[in-house]
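J.: Numbering-wise, the sequence shown is residues -23 to -1, 1 to 404 according to mature numbering (1 follows the signal peptide of the UniProt record, and there is no 0).
Accuracy of the hints is not assured; some may be wrong.
Claimed, not checked - Each computed DMTMM-like pair below joins lysine to aspartate or glutamate, with the alpha-carbon atoms no more than 20 Å apart:
(1) Lys272 to Asp351
(2) Lys199 to Asp147
(3) Lys199 to Asp134
Said to hold, decoys possible - What follows is a list of derived Cβ distance ranges for each label pair:
(4) Ala276 to Asp245: 41 to 51 Å
(5) Thr330 to Thr304: 39 to 49 Å
(6) Thr186 to Gly316: 46 to 56 Å
(7) Asp355 to Leu29: 45 to 55 Å
Source of the hints: derived by calculation from the structure; they are not laboratory data.
Computed from a predicted model, the values in this text were never measured in an experiment.
All C-beta atoms, glycine included, are put in the ideal place defined by N, C-alpha and C.
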Amino acid sequence: MIKAMKFSTVAALALISAGAAQAADCPIKVGVLHSLSGTMAISETTLKDTMLMLIDKQNKAGGLLGCQLEAVVKDPASDWPLFAEKARELISNDKVDVIFGSWTSASRKAVLPVIEELNALYFYPVQYEGEESSKNVFYTGAAPNQQAIPATDYFLDELGVEKFALLGTDYVYPRTTNRILEAYLKSKGIAEEDIFVNYTPFGHSDWSTIVSDVKALGADGKQVGVISTINGDANIGFYKELAAQGVSADDIPVVAFSVGEEELSGLDTSNLVGHLAAWNYFMSAEGEANAEFIKEWHAFIGDEKRVTNDPMEAHYIGFNMWVNAVTAAETTDVDAVRGHMWGQEFPNLTGGTAVMGVNHHLSKPVLIGEIRADGQFDIISSTEPVPGDAWTDYLPESAVLESDWKDLECGMYNTETKTCVQIQSNY
């Protein structure tokens, strides 16, 4: 899959003598693995469109290594095992050089054994639970210390929340994130009986009992807050039920980790004003870079009502870092590109610079936004860029682990025993 620029005969001979990368077949193929149907289509279709926009822009700028880029799009249809099957198709049959894909951690976990077996590159653009570091994945969304922990601190320090409802969809991301948050809240003095945890299936629609249970938590007069790891179209029913039961942000604030502008675009947000979301990007962020990105998006998609969101920015950063790493490596060879990804820098759309760590996680600012009546967010809190932590400090089995693919060549290094626990992921 090595590809390089096609030169004149004289220039090519000169490069051969210098030991440079050799020309190979064009085009360079970019796999796009996002659900375009099923419960996650509400979130993932836009990410497919984002990748098509980025690829189109790169081609208009001259392509990469003298080749045009070609998007190869697969629809795993919100079916986690199908993600693995489609990933194998992309790598083995379509011969893609890189894959950008997934939203849920369940789908990413399904892909892991395939990309590690076949040594492919995978860029994952969504906030997740951490507790993972694969040499074949670059995690451009937030780890818990870049979203879940800061959002919980905001509830504790700014809103005085004393009782917590941790509501999530029933799969790995919410369960692991909430396990981390339960440990963190207890370390902050929150009693176990003041932490209510509930999981619902993908696509869950009947929220009346759960919302009633959350309201009942505050019967003793303590301030209740909801931390939501609800994913996909189940959010529509959840927020509608909050409004139906008259729950305002003043009564019981909700901070969501998987609800952004795209999810709110399908809702009547008039009754959701003041509820919160924690991300690393909001469309409402001011600045020339973001304004230009929004302008390009509207021109590409042909609809000025289409919103931008955090995972779109993550794809934007990840794609451009990959382009720069390929350019530096003068090849799309996976191992060569990986070595040039460490330390890659690229401007955030919210200001500042994202840096790729040797643990395959980005440094990112943490933003908290309040939902507005128009479905956008007022940014009420922001931080300097925070380096992503693959292994949380709040679970004892993880606190001793470190990820360093550059010097330690290990994603799960035990700092106490000075040993590499595993190279391949624990599926």
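J.: Please flag the earlier hints that this structure goes against, numbers listed from lowest up.
T.: 2, 4, 5 and 7
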